[in-house]
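Those sequence lines, one after another, are chains G, H and V. So for the first sequence, this note's numbering puts the first residue at 1; every next one is plus one. So for the second sequence, this note's numbering puts the first residue at 471; every next one is plus one. So for the third sequence, this note's numbering puts the first residue at 750; every next one is plus one.
Think of the hints as simulated: they come from the structure by calculation, not from any bench. Owing to the predicted nature of the structure, the values given are computational and were not obtained by experimental measurement. C-beta: ideal position from N, C-alpha, C; glycine also. Each hint should be verified, as a subset may be incorrect.
Ranges of calculated distance between the beta carbons of each label pair, as one might list FRET restraints [stated by the list, open to error]:
hint, chain 1, residue 1, chain 2, residue 2, range
1, H, Leu618, G, Lys274, 22 to 28 Å
2, H, Gly509, V, Phe831, 43 to 49 Å
3, G, Asn351, V, Ile770, 56 to 62 Å
4, G, Asp424, H, Gly549, 57 to 63 Å
5, H, Leu602, G, Gly380, 18 to 24 Å
6, V, Phe831, H, Trp526, 43 to 49 Å
7, H, Ile653, V, Val761, 48 to 54 Å
8, V, Leu1004, H, Trp659, 41 to 47 Å
9, V, Ile763, H, Trp530, 30 to 36 Å
10, H, Trp659, V, Thr757, 20 to 26 Å
11, V, Leu876, G, Asp424, 35 to 41 Å
12, H, Gly562, G, Ala462, 28 to 34 Å
13, H, Leu533, G, Asn351, 47 to 53 Å
14, V, Arg915, H, Asp646, 55 to 61 Å
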Amino acid sequence: MKERTTKAMAQGRRRMLKQTAALGAAAVAAPYVLRSAHAQSNADVAPYTQAKIDWKQAQGAEIAVAVIPASYFDNLIAIAPTFEALTGVKVRFEKVPPGQIRQKAMLDLSSKTATYATSATDPMYYPLYVSNKWIDPIDHYLNDNALTDKAWFDNDDIFKAWRDANSYEGKPYAVPYDGEVTIQVYRKDLYDAKGLKAADTLDEFLKNAAAINDPANRVYGMALRGFAGAGQNMYIYPSLFREFGGQWFKGRKVVVDSPEAVKALDWYVNAESKYAPPAVRNWNWPDIADAFSQGTLGCYIDAHSSASVLMNPEKSKVIGKIAYARWPKGPTGKRCTSIWNWGFPINAALNDKQKKATWLFITWAASAETQARTSWKFNGPAKRTGLNRASLWKSPDFVAMTKDYGPNFVDAALTSLEQDTDVDWRPRVPQWPAIGDTMATAIQAALVGQKNAKQALDGAQARIDQVLKS
Amino acid sequence: MALFLPALVVLIVTTSAPLVYLAWTSLERIDLSMPWLSGFAGAGNYLQMGADPRFWHSLWLTLIYTVSTVVLQVLLGLGLALLVLRIPKGQGILRVAAILPIVLAPVVVGLFWRTLVLAPDVGLVDVVTRALGLPSYNWLGDPKLALLSVIAIHTWQWTPFAFLVMLASLSSLPPDVFEAARIDRASAWQRFRYITLPLIRPAIVIVVIMRTMIALSAFAAIFAATGGGPGTATEILNLYAYRTSFSELNLGYGAALAMVLLAITLAVSFVMFRARRAR
Amino acid sequence: MTGKRLRTVVLVAIAAVLLAIWAFPVLWALLTSFKTERDVLAYPPTVIFTPTLRNYADVLFGSASLLPNLLSSVIVAGVSTFVTLLLAIPAAYALARLELPAKRASGFYVLATQMLPPVGLIIPYYLVLQKVGMLDTYTGLIVIYLTFSLPFAIWLLVSYFEDIPREMEEAALLDRAGRFRALWYVILPQVRGGIAVTTIFVFLNAWNEFLFAVVLGGNRVRPVTVAMFNYISVEQTLWAKLAAGAMLAMAPVILLGLIAQRHIVKGLTVGAVKGGGRRA
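Looking at chain G on its own, in the form it has when it is part of the complex (with noise of 0.2 Å):
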């Protein structure tokens, strides 16, 4: 290999040299960039100091919280400083991409590493942490009165919808933090053009769908979630199957392929084939809020906390035309919506005084001043929707806040939160990861043409009947 001469060596020398000098040069500047700006807020202790327990019974200790990069998330970890001067506890946040945060939280619980003290929990996981008893019950820290003061806190303030979801077994195991229920999302403007109202029933969701439809101009009927994932596809499906009186159990036994299913997966099919974009079936719902944002969706049903999202000036064009309504009925004249919430549950792995730190700082998050603190208290451009308290859902305060969304925003979202959540919108158990996984990709099948909508159905049921039989 005569190439390798002398001149390419001190080439490569040289770029070896700079290559050093740049390292040189960035671990200097390390210290500057790593120092986030940490302006202490001086916020206001009093409102948390009226709750009558010693908030600096686990001074010193250190918690690690995960969450997943969000803004709720984000406007807590900005007035964490105030836990930490009330509590003399220190906190420290790790974002997790959604897609890692259980497969971590998951990692650190079976392996009881106790890293994280606590993370934020999808609802339907926690028969599996229970049943591995990686996490603590919760009862007994919201009985203690020298951990909770009951009326400060005030539990049963929180929806039960939420609390529920986040229970096993008649006992609870984490209190939500942030949440969402599924609403229908519509363009006022579209509909009041061809004299449309909200849907009250699946039948008039597809008509007003096939009435706005108009492929060649770019603007469809309605759009659902459509891509594959326990999260995506069997996040709107669910609440079809429950509202066509599908049933989850049979005695102990998972059923997925009764005809009640079999008739909700065909009207998902037929309604995305029809009136959605081609695309769909690929779709997430943040793909989804895109398309309406830009104008081409006359209708959506997704989580209530997109319309932030439709909100945006740098992206909507259609800020102003939006209203909301309840999901429409379904042929058993059941309305069901989604029940979602991060909670924040206790690691069973932590000694005792990181388990009091920790449910300080989980009581802490769920009360009703921090809740009201990083929605419109918040100093900042992104003010949470996804409030956890009933009463805070009623303050004039957050309607006024919430007031250009649209029509019918709090009351469409809060009357779906308190009247048509159930809390067997999924079956929960603890094989729920491989059943949502199996159901999503049966789902999907069906969507894209690959099965028909009772095949699909069937080899799911197969699939489920051989994770839970072994």
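Chain G is fixed; fit chains H and V onto it per the hints.
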């Protein structure tokens, strides 16, 4: 030997120990969603594969994926190299362009293709097909197209590798052989078939070997582009093992799948290296 | 000679198409990174728009700045490359000088370690790092990176060492220079090119790694390939920022690729061109 030792120790500690752990896990029944069933399973996990259609499906996809991407890379790479060799100027800039896909992280490549190239409506491919008057296709949403798409993504990223190897190999061939052949009035095809091909065979062989190994262990790009979907349409063995371990939390079975993948990769490369040495 | 000219034109055209296919996704991302979110979503996609630097400003200096992550990447990739070379050079040298059967066996072993499916390794790695308290530390992640970079580096370097005529080495040994000195003064200068190639590839692989970085890293150690995904939040996807982040994440490797392209080509073709076959 003292020189080899430090590296050897590091290697053994960092790779063999986890391998033993993996092998052991594959013999156990560990399903986090059913902790009450945990225990020693012996060959149970392996026996379970026989009756698991999803396993056979993923194996079949692995075969299709590996063979098609390797063949495409070699054919395209070789064809392009032959073409480019005749271009008097601008080979340099082509080489630079070819480097581009190679240096990118597969996970970024997968993401790129999903969001910017293959996305319906706003994706590059859709813009082009519609400009040509063709209908819009759902490249990653349709099961058949999705498999094609992930093959295309892999081929896009790694054909430059084959191309560069072939180009270098071709440019190092002695020109006098071709001169002689031309004087002998051999046709272009004959010159290629009887002179060029045998001369660059070693290059082709090494490309095939290296690309096969990489294709067998492909993960990040598919993971970012389709996650194995839609349904199981792009779920090669690696993805299936991942989903079993991390979505379904059946760690024992996932480990067994990973062991099978390792065995296949080792066997294939062993056979290939053998064949190469024998020649 | 119009026929010949025509052929040249056709060839150049084909080459141009190739160039476009290889470069376009990257250029398209570059374009996107200068758009506003609204322009990104514009239909039909537009090439004419008022470019904005805001995405870069946000990505670099905004609340979710990528600068610490870039630093993370530099440290992880840089140090792991350095350590890899430190261990791989003597190992490759020894391997190249071994007798055949042993060489084949160990050569194949080195190669085999490269094929371990990362999917199966994550859990054991996590457990081990946790036990020694090295989760989310640079040391931890760098050690893990050695598992794939070291075999690769050894494998690549061996072929360069094999090129060195034994006589040269023997002469050095006769000079009563010790083995290490022989390696340092006589052998190493001969394989500088190989070392450069190896450095580049090891660095690229470490920079581009994703799976281990997600699971074994954390707040303190989060390379840019992972941090980038924060622009796809559960609330909304910030396409333009994602593109800007991706461009930043890729800029170093693209730059490295362009500067060192000659070495890269050489690295890719090592063994292939000279007909190889001697490597186990």
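Hint by hint, here is what the structure shows:
no., hint, in the structure
1, H/Leu618 / G/Lys274: 22 to 28 Å, "holds (26 Å)"
2, H/Gly509 / V/Phe831: 43 to 49 Å, "holds (45 Å)"
3, G/Asn351 / V/Ile770: 56 to 62 Å, "holds (58 Å)"
4, G/Asp424 / H/Gly549: 57 to 63 Å, "holds (59 Å)"
5, H/Leu602 / G/Gly380: 18 to 24 Å, "violated (47 Å)"
6, V/Phe831 / H/Trp526: 43 to 49 Å, "holds (45 Å)"
7, H/Ile653 / V/Val761: 48 to 54 Å, "violated (29 Å)"
8, V/Leu1004 / H/Trp659: 41 to 47 Å, "holds (42 Å)"
9, V/Ile763 / H/Trp530: 30 to 36 Å, "holds (35 Å)"
10, H/Trp659 / V/Thr757: 20 to 26 Å, "holds (21 Å)"
11, V/Leu876 / G/Asp424: 35 to 41 Å, "holds (36 Å)"
12, H/Gly562 / G/Ala462: 28 to 34 Å, "violated (58 Å)"
13, H/Leu533 / G/Asn351: 47 to 53 Å, "holds (52 Å)"
14, V/Arg915 / H/Asp646: 55 to 61 Å, "violated (31 Å)"
The structure is inconsistent with the numbered hints 5, 7, 12 and 14, although it conforms to all the rest.
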